[in-house]
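Undergrad: Taken in sequence, the protein lines are chains A and B.
End of the first sequence = 582 in my numbering, gap-free, step of one.
End of the second sequence = 582 in my numbering, gap-free, step of one.
It cannot be assumed that every hint is accurate.
Under the rule of at most 20 angstroms between Cα atoms (straight-line distance), these lysine to aspartate or glutamate pairs were calculated in the EDC-like manner [claimed, not checked]:
#1 A/179 / A/255
#2 A/179 / B/341
#3 A/431 / A/271
#4 B/179 / A/341
#5 A/281 / A/271
#6 B/234 / B/248
Covered stretches of chain B (chain A as the covering partner; in silico rule of three or more C-beta atoms under 8 angstroms from a C-beta of chain A) [said to hold, decoys possible]:
#7 204-211
#8 341-352
Quick caveat, the hints were computed from the structure, so don't treat them as lab data.
Virtual Cβ for every residue (Gly too), placed ideally from N, Cα, C.
Protein chains: 2
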Amino acid sequence: MSPPARLRVVIIGGGFAGLAAARALRKHPVDVTLLDRTNHHLFQPLLYQVATAMLAPSDISVPIRWALRRVRNCRVLLGDVKRIDVERRVVLVDADQREIPYDRLIVAAGMCNAYFGHDEWEDHAPGLKSLDDALRIRRRFLLAFERAEAARSEEQRRRWLTFVVIGGGPTGVELAGMLPEVARAFRREYRAYDPTSLRVVLLEGGDRLLSAFDPALSAQARRDLEGLGVEVRTGTRVTALDQHGVSLADGTRIEAEEIFWAAGIAASPLTQGLVPLDKSGRVLVAPDCSVPGHPEVFVVGDLAAIRAPDGSWIPGVAPTANQTGAHAAAMIVADLHGGPRRPYRWFNKGDLATIGRHKAVARFGRVNVTGYAAWLLWLFVHVLYLAGFRNRLSVVLQWAYAYVTFQRGVRLITGSDTGEYPVPDTLRRV
Amino acid sequence: MSPPARLRVVIIGGGFAGLAAARALRKHPVDVTLLDRTNHHLFQPLLYQVATAMLAPSDISVPIRWALRRVRNCRVLLGDVKRIDVERRVVLVDADQREIPYDRLIVAAGMCNAYFGHDEWEDHAPGLKSLDDALRIRRRFLLAFERAEAARSEEQRRRWLTFVVIGGGPTGVELAGMLPEVARAFRREYRAYDPTSLRVVLLEGGDRLLSAFDPALSAQARRDLEGLGVEVRTGTRVTALDQHGVSLADGTRIEAEEIFWAAGIAASPLTQGLVPLDKSGRVLVAPDCSVPGHPEVFVVGDLAAIRAPDGSWIPGVAPTANQTGAHAAAMIVADLHGGPRRPYRWFNKGDLATIGRHKAVARFGRVNVTGYAAWLLWLFVHVLYLAGFRNRLSVVLQWAYAYVTFQRGVRLITGSDTGEYPVPDTLRRV
Numbered sequence: 153m154s155p156p157a158r159l160r161v162v163i164i165g166g167g168f169a170g171l172a173a174a175r176a177l178r179k180h181p182v183d184v185t186l187l188d189r190t191n192h193h194l195f196q197p198l199l200y201q202v203a204t205a206m207l208a209p210s211d212i213s214v215p216i217r218w219a220l221r222r223v224r225n226c227r228v229l230l231g232d233v234k235r236i237d238v239e240r241r242v243v244l245v246d247a248d249q250r251e252i253p254y255d256r257l258i259v260a261a262g263m264c265n266a267y268f269g270h271d272e273w274e275d276h277a278p279g280l281k282s283l284d285d286a287l288r289i290r291r292r293f294l295l296a297f298e299r300a301e302a303a304r305s306e307e308q309r310r311r312w313l314t315f316v317v318i319g320g321g322p323t324g325v326e327l328a329g330m331l332p333e334v335a336r337a338f339r340r341e342y343r344a345y346d347p348t349s350l351r352v353v354l355l356e357g358g359d360r361l362l363s364a365f366d367p368a369l370s371a372q373a374r375r376d377l378e379g380l381g382v383e384v385r386t387g388t389r390v391t392a393l394d395q396h397g398v399s400l401a402d403g404t405r406i407e408a409e410e411i412f413w414a415a416g417i418a419a420s421p422l423t424q425g426l427v428p429l430d431k432s433g434r435v436l437v438a439p440d441c442s443v444p445g446h447p448e449v450f451v452v453g454d455l456a457a458i459r460a461p462d463g464s465w466i467p468g469v470a471p472t473a474n475q476t477g478a479h480a481a482a483m484i485v486a487d488l489h490g491g492p493r494r495p496y497r498w499f500n501k502g503d504l505a506t507i508g509r510h511k512a513v514a515r516f517g518r519v520n521v522t523g524y525a526a527w528l529l530w531l532f533v534h535v536l537y538l539a540g541f542r543n544r545l546s547v548v549l550q551w552a553y554a555y556v557t558f559q560r561g562v563r564l565i566t567g568s569d570t571g572e573y574p575v576p577d578t579l580r581r582v
Numbered sequence: 153m154s155p156p157a158r159l160r161v162v163i164i165g166g167g168f169a170g171l172a173a174a175r176a177l178r179k180h181p182v183d184v185t186l187l188d189r190t191n192h193h194l195f196q197p198l199l200y201q202v203a204t205a206m207l208a209p210s211d212i213s214v215p216i217r218w219a220l221r222r223v224r225n226c227r228v229l230l231g232d233v234k235r236i237d238v239e240r241r242v243v244l245v246d247a248d249q250r251e252i253p254y255d256r257l258i259v260a261a262g263m264c265n266a267y268f269g270h271d272e273w274e275d276h277a278p279g280l281k282s283l284d285d286a287l288r289i290r291r292r293f294l295l296a297f298e299r300a301e302a303a304r305s306e307e308q309r310r311r312w313l314t315f316v317v318i319g320g321g322p323t324g325v326e327l328a329g330m331l332p333e334v335a336r337a338f339r340r341e342y343r344a345y346d347p348t349s350l351r352v353v354l355l356e357g358g359d360r361l362l363s364a365f366d367p368a369l370s371a372q373a374r375r376d377l378e379g380l381g382v383e384v385r386t387g388t389r390v391t392a393l394d395q396h397g398v399s400l401a402d403g404t405r406i407e408a409e410e411i412f413w414a415a416g417i418a419a420s421p422l423t424q425g426l427v428p429l430d431k432s433g434r435v436l437v438a439p440d441c442s443v444p445g446h447p448e449v450f451v452v453g454d455l456a457a458i459r460a461p462d463g464s465w466i467p468g469v470a471p472t473a474n475q476t477g478a479h480a481a482a483m484i485v486a487d488l489h490g491g492p493r494r495p496y497r498w499f500n501k502g503d504l505a506t507i508g509r510h511k512a513v514a515r516f517g518r519v520n521v522t523g524y525a526a527w528l529l530w531l532f533v534h535v536l537y538l539a540g541f542r543n544r545l546s547v548v549l550q551w552a553y554a555y556v557t558f559q560r561g562v563r564l565i566t567g568s569d570t571g572e573y574p575v576p577d578t579l580r581r582v
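Full structure from sequences and hints, please.
TA: Below, the structure written as structure tokens:
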């Protein structure tokens, strides 16, 4: 006699939400398949440190299948999900549209860079969502210094040493704050480099940085960035962008060879078949994180548009991803036992963004923390989280080593820009 | 009154030979310019460990300008030297043929992969000379296991798990020996992976592996490899090679999706204007390492064809590169003082190749060492050398950590194959 058929759960995405869901399903009588188009889980909050050559890619990532090696009822497959067919309950994978059927589906595919109708800007202003994105920014950042060193005129050198970061959210703030700090370590190595010619400009369309944070923290972040020499311009809109600079709505032109994009993200196109959507393509999920009308499909992590009790949207950060991923898994377990669906309750862990190497702004509950104290908090929280997938001691040691030495081995220019974008179809050769 | 003009020394290449030359010129009244088309010095003897995902790229490389930060009379420029004009005493750099004049030139540009008239093989059988090469092999190696996991037939799976290494020199032996060791760590992560279906084939055209080594060591290396499960075939010639396998001269066909090339290297094309050359394009240098008829041009490192006292060619290994680079620098210093040119004397430091993670074969003086003892020797020698450019303790710790844990963070699939080959023109965007 064959055993009763087990529920087939498919998870799309190996980020925080996808991993949390898979882990929560461990030891339950379901067969889990997790699909991701990369082979690694990324500790995305530290991606900007890879982009600025502070940490190596391997410091902030692990193979997804290693992270889930003890979840014996989960198999991990490398594959790019092209479409979800909610009627036939299958996902279609890769160019050959291989079908993988599901009884329950958890969509945790995350966000991608968005250029608001100016897709041609991407070539000149790379975004920062994947490891390949970070390596592309690192390559450009380091090449700019090489070009400045070989420049034949002061004007040329100045253009190579002007970095524009577009977008004043946490990613833009952290990226802009780290650039002058890393550049400082270059003084002894680039014979022609004069630190006073470095120019980092942070552009934000809204009237303050970190608009999701408390206004007092926004103001402090601005002061801290300016203290590092970053030029902060709020209330400014980019109207044109090309290989040699950006033009602003007020008519200003900033000549810069290196422009980085942290201004916009949009939902994975996978949500297209799932309604209702908000304007950035996120799914307006039911209280239990399922898709209205499709209780067998859950949308979690950044892709889920969920309102906090005060009516605001809850932020797309790692703790939310962990919580919603685990909640979807819990609802699937409830289904197994015939239990009721419960609404997801957000637990707000606070806001946190670093500025440079030794400062941060944070809010926990109703308390604002800034400066070095906030940075220590940031360090503590991140080490704690990272520890979830790497050996705790080794992470602390590697970090300490990286911070003290600016681990020069990481400052590698590898690969090339061509061919890496659009994101390669990982199974291209099949 | 302006100071007397200083001698302008140009060094092409930031490998062992180029760095040794630059360092030996420190504190002498010359202006040194070192050119390299990458920004990093590579500890090439460990490149195969990056290719097999044992070490991270940053573990075995440092920025050249960091390595030379204390050589204050040396500037480092990122640039691809296209041609040497020995008559006009200039090197021509990058696509725009920027000219850099020299009074003394040290050519240390090294070797590149050679396919003996079958350049089309390169697409299917990547070589292992640069960090980008290693990352390409790493990507293919890891992708093969992903493909095997998703395979729909046993035959398909078997093909993905067959790895062919062509070339039985040190690189081929070290690569082939490491593959089964790393694959062993995958057992717990790939649900469908059966270690007995892994097949690693090492092909060598000559009648023994490590032909430059003592025959007893060749035999021991073969036994050690076979002990790891590697199929060794000597006296076999590849007649055809495509995406799905290789054909041998005896009519055998080996079906394999992943083929790695360690069979041939040729001199950098830069030697073309420098005569006389040997058949692989290396320069038959004068006893002082200069080019016959051009005492102001030195060729060092792998590019120099030099005979040992017994008439054999001295091997292109790191110690030789260090010695010849330093010798060329010493001859330039001698020129400054009107001293005579001296012949370079090779100091043979012995032969050394690892097999897997815990064995090696070595010869020091007239003593053969094999097995674990040789591996400990190998470890000691390499740590000692690596220490020249990284903090000694941190290297030992990182290595120990990597060996014990198979540091999973390194197992990253990044980038894509397209666009990385041919080697990107690093200053393409200028």
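Undergrad: Next step is simple, just say for each hint if it's right about the structure.
TA: Hints, one by one, checked against the model:
no.: 1; hint: A/179 / A/255; result: holds (18 angstroms)
no.: 2; hint: A/179 / B/341; result: holds (17 angstroms)
no.: 3; hint: A/431 / A/271; result: holds (18 angstroms)
no.: 4; hint: B/179 / A/341; result: holds (17 angstroms)
no.: 5; hint: A/281 / A/271; result: holds (16 angstroms)
no.: 6; hint: B/234 / B/248; result: holds (10 angstroms)
no.: 7; hint: 204-211; result: holds (count 4)
no.: 8; hint: 341-352; result: holds (count 4)
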